[in-house]
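> So you can see what is in the structure, the chains are spelled out below.
Number of protein chains: 2
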Amino acid sequence: MQIAFSQINSALGDIKGNAEKIMLEIQRAADLRADLIVFPEFALLGYLPEDLLDQHQYIRNCEKQLQSLARKIPANIHVLLGMPTFSKNGRLHNSAVHFSKGKVRKYCHKTLFPNYDVFDEARYFEPGDPKKNILRIKGKRILVTICEDLWLFHPRYKDRYPNIYKEINKKDIDYVVNLSGSPYTKVKMQSRLKMLQEANQYFKKPLLYVNLVGAQDSLIFDGRSMALDKQAKILTQSMAFQEDFNMVNFETGEAGKRHHINIKDTYAEIHKALVLGVRDFIHKNSFAKVHLGLSGGIDSALVACLAVDALGAANVHCLAMPSQFNVPESLDLARVLCKNLGCSLQVIPIDDYYKSFSKNLSDAFEVKDFSLMHENLQSRIRGLILMAYSNAHPSMLLSTGNKSELAVGYATLYGDMNGGLAPIGDLLKTEVYALSRWYNQDHELIPQRIIDRPPSAELRHDQRDQDSLPDYHVLDKMVEDYICKDKKPRGEYKDWFLKQVKNSEFKRRQAPPTLKISERAFGRGRRYPIALK
Amino acid sequence: MQIAFSQINSALGDIKGNAEKIMLEIQRAADLRADLIVFPEFALLGYLPEDLLDQHQYIRNCEKQLQSLARKIPANIHVLLGMPTFSKNGRLHNSAVHFSKGKVRKYCHKTLFPNYDVFDEARYFEPGDPKKNILRIKGKRILVTICEDLWLFHPRYKDRYPNIYKEINKKDIDYVVNLSGSPYTKVKMQSRLKMLQEANQYFKKPLLYVNLVGAQDSLIFDGRSMALDKQAKILTQSMAFQEDFNMVNFETGEAGKRHHINIKDTYAEIHKALVLGVRDFIHKNSFAKVHLGLSGGIDSALVACLAVDALGAANVHCLAMPSQFNVPESLDLARVLCKNLGCSLQVIPIDDYYKSFSKNLSDAFEVKDFSLMHENLQSRIRGLILMAYSNAHPSMLLSTGNKSELAVGYATLYGDMNGGLAPIGDLLKTEVYALSRWYNQDHELIPQRIIDRPPSAELRHDQRDQDSLPDYHVLDKMVEDYICKDKKPRGEYKDWFLKQVKNSEFKRRQAPPTLKISERAFGRGRRYPIALK
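Chains A and B are the protein sequences, given in the same order. Per my numbering, residue 1 is the first one in the first sequence, and the count goes up by one each step. Per my numbering, residue 1 is the first one in the second sequence, and the count goes up by one each step.
Quick look at which bits of chain B chain A covers, simulated, 3 or more residues with Cβ under 8 Å:
| no. | stretch |
| --- | --- |
| 1 | 11-21 |
| 2 | 110-120 |
| 3 | 279-293 |
| 4 | 360-367 |
| 5 | 375-382 |
| 6 | 508-519 |
Going by beta-carbon spacing under 10 Å, a handful of chain A positions derived as facing chain B:
| no. | residue |
| --- | --- |
| 7 | His56 |
| 8 | Ala215 |
| 9 | Tyr353 |
| 10 | Leu361 |
| 11 | Tyr528 |
| 12 | Ala531 |
What the hints contain is simulated information worked out from the structure, not anything from laboratory work. Here a beta-carbon is modelled for each residue, glycine too, at the ideal position from N, C-alpha and C.
All chains should be built: construct the whole structure from the sequences, respecting the hints.
So, in structure tokens, the structure goes:
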């Protein structure tokens with residue numbers, strides 16, 4: 001049996017548009033004489049819909065488009081498509097729907113629901129019965145599973161989930177298919193391979209894994225759909241971070257050929273993930289252009305590089321807003337970077353605004369010495385100018401903060417935190433350096449001095465990040481342990497660190513979304529109280 | 001049997017402090033010869049902990065304080081206390097722990113988990129077995145239930161939850177006790193009474209309901225613990241929105257006497273809720289003082305009134321920041337209000353800043369006419385000044401936006417949306433008017449002109465809210481239908497409204513927490529995607 005599988009970049013809520021894309025893929029598969037085409041989880045509605053699922057007109061529209069697709073498809077092809085459907089008690093199922101020859105044949109429902117990190121599936125869905133999820137297509141019996149349903153085989157989840165397949169006789173199935181909506185993280189590919197190998201070992205049948213691609217808000221779906229033979233050998237793997245149409249024939253072992261990035265090159269992967277994340281966030285929000293404050297520091301330099309790769313240099317506008325506290329070199333470096341990138345740079349000095357606010361407010365609020373107020377004034381004046389640009393042009397402001405800063409609140413709320421998206425908000429500062437070095441591996445795209453000179457917010461004379469923060473290697477280890485792994489931080493800074501994390505929760509609650517690349521990013525997947533003893 | 005029940009205002013995470021408060025209440029109950037004292041759900045840790053539960057040292061500390069309490073309590077009293085405990089598979093239970101005479105006697109675990117709105121209990125907890133939740137104390141058999149466990153009896157949840165008590169013979173129990181952490185909403189009391197009456201009718205036994213009091217971030221717990229006899233007659237009801245210690249004897253029918261606010265006086269209730277919400281948010285975040293921008297409009301006037309009631313006039317500082325677009329009456333009205341309230345008012349004109357930004361940025365960004373940029377500049381200059389005050393003084397900025405504005409994005413991000421808390425962010429504009437009139441029922445606290453004159457943001461000449469928005473009665477009906485009830489809005493503005501709600505999600509994602517008084521507030525209980533077709 002020829003099986004096609006198409007990892008598409010669905011647009012959340014654009015059911016009609018997604019259905020058109022799905023129809024084209026079905027036609028393509030039929031033209032290639034495929035017997036079956038499989039799409040990812042929720043390919044029809046888009047993913048992750050969150051409470052959009054409470055708007056039942058979306059569910060009804062999915063059903064309508066499903067019926068319309070079923071009527072339109074060629075006669076010789078079977079389709080398996082992920083979408084939400086109503087359950088009997090007025091709630092929902094997360095379903096894989098089998099249709100062919102003008103008719104919907106079967107609804108298979110997901111049984112296990114991820115309810116951790118960014119996932120809240122128990123909030124919406126009723127489980128199905130795995131025994132009912134066996135399709136018969138052209139004499140083959142296919143066990144249909146949806147994403148988490150197979151993760152029970154991963155050692156990490158073995159205590160959490162029961163084996164929902166123990167009543168299924170493995171002899172009664174020929175293949176296992178999994179429709180997934182599995183977001184990228186730096187370590188996801190290893191976990192996913194482990195899970196697939198364990199599942200494969202359990203069933204001892206060929207396995208087809210079809211994953212979404214594209215970004216939705218904070219989540220980046222990496223695709224990399226895979227076909228494994230019954231000995232868990234990978235027959236083919238679809239492309240990473242891009243749409244791909246692929247084929248496999250488990251009987252003959254024939255499968256599509258692909259060229260891959262080396263997954264051991266972590267930063268090549270992170271780069272592709274972030275570029276896709278920026279591009280989809282901007283485009284799916286109906287923007288084409290972005291702008292950002294370029295300080296001459298490493299964070300904004302990296303964000304500019306990513307934005308140019310995502311949208312093209314013509315769609316990236318940088319603003320440098322120097323004050324008396326910026327060394328002239330900062331502006332020079334910003335100029336060189338923009339020249340290297342080919343994007344525009346506008347210089348708007350802020351000293352006059354700063355002096356005026358600083359003098360009047362120091363008097364009004366009786367602040368005698370240079371203080372945090374004066375530092376934040378500069379950051380907020382810049383934030384105000386950047387938002388004025390947003391109002392003047394159809395362009396989204398990108399925030400340039402990183403995860404290490406966000407963790408300890410080393411950022412100004414309503415100042416440099418401003419933006420519609422924080423592309424590197426889930427990168428540790430040490431990762432910001434590493435990805436910048438990756439950018440420079442062939443030639444000096446980012447001026448080397450931006451990477452080499454000591455990091456500074458330049459909000460007071462001769463300021464250095466390390467006046468206020470531990471060395472970034474020390475800080476990042478604590479962020480990694482505490483934020484990502486729920487492990488107590490260690491070392492001399494641990495009490496300071498815990499206090500900072502707690503006291504800056506109010507800032508993070510008002511931060512723009514980040515692009516998630518770690519196991520635990522700030523945002524929807526980490527839900528901490530603000531008022532906390 | 002004499003049963004004491006204490007609705008305490010636990011501080012989230014302050015396990016030691018909560019344990020001390022609990023010990024005092026136990027002592028008081030023992031002194032009054034109570035046989036048993038019951039505390040609310042999670043009284044030891046505080047509620048709603050969200051992902052704080054992932055930090056297992058908090059769970060271990062709860063266990064430690066539990067053991068310490070068990071050792072310290074007087075010999076003749078039994079205690080039933082809500083707290084998290086570890087489950088066998090390394091996850092958690094939401095438990096009611098019975099201890100007496102130096103020993104922990106029994107752990108009863110919650111079975112049904114709310115997993116909607118602000119609640120994510122399936123994220124953390126494993127269910128218990130209700131059959132094991134029967135205590136024997138002084139010859140009486142008490143069925144212990146925790147919050148949601150009894151909500152299965154409410155008609156609204158009958159399809160969602162199975163009857164977990166069907167294997168329990170009602171003859172084997174003498175009383176039913178429920179430990180709750182049930183937050184206030186405008187309609188909660190009616191639902192709660194319905195639920196308790198239905199539960200009572202099912203068991204036909206006396207029922208004791210013990211609810212938390214106090215606010216945690218967006219949630220306001222209203223207390224109002226209740227004892228019902230076996231015919232569902234309310235024997236006593238503890239106070240609303242304040243700590244209370246109460247007693248009941250189901251054999252004799254004797255119970256504590258209380259004076260209550262009339263729950264039909266909706267605005268008296270909302271007032272008490274919001275005052276508690278503001279006070280606890282400020283104090284539990286270790287602040288004593290607040291400040292806000294007072295425009296002469298009704299929203300900021302109402303927030304000033306609430307802040308004064310919550311914290312005292314000496315702890316509320318108002319800033320008026322007039323521009324050329326404000327009519328002089330606005331400042332006059334702000335002055336009269338501050339005089340009436342007894343709080344301080346500082347006037348900081350913004351015209352010079354505005355002119356300077358406006359001229360330079362119109363040139364820099366090639367904006368020819370007066371536009372949205374110019375309007376937002378004013379709002380953001382005010383936001384910047386208010387945050388400078390935050391940096392200069394230990395005072396939290398209150399945001400003055402309401403729910404109607406937030407719904408359609410009629411607010412400036414990083415401008416008037418600035419603040420640590422939005423006290424009226426869950427009040428419709430029509431409710432803002434109603435609560436203001438409630439304030440004025442005895443004498444004119446809020447100058448009547450503030451209530452009577454047409455609402456305006458005063459960001460351009462002769463601006464009126466109704467230049468951009470439908471009449472507030474029309475808008476509020478759509479907000480109520482669509483946001484709170486997931487019903488499609490109707491009428492001529494419905495398409496405009498749906499587009500506005502969708503396109504302003506990015507603003508709400510960065511908004512400060514509101515105080516939840518409706519069935520669906522913006523914030524953690526409403527999770528919508530940003531990028532959406």
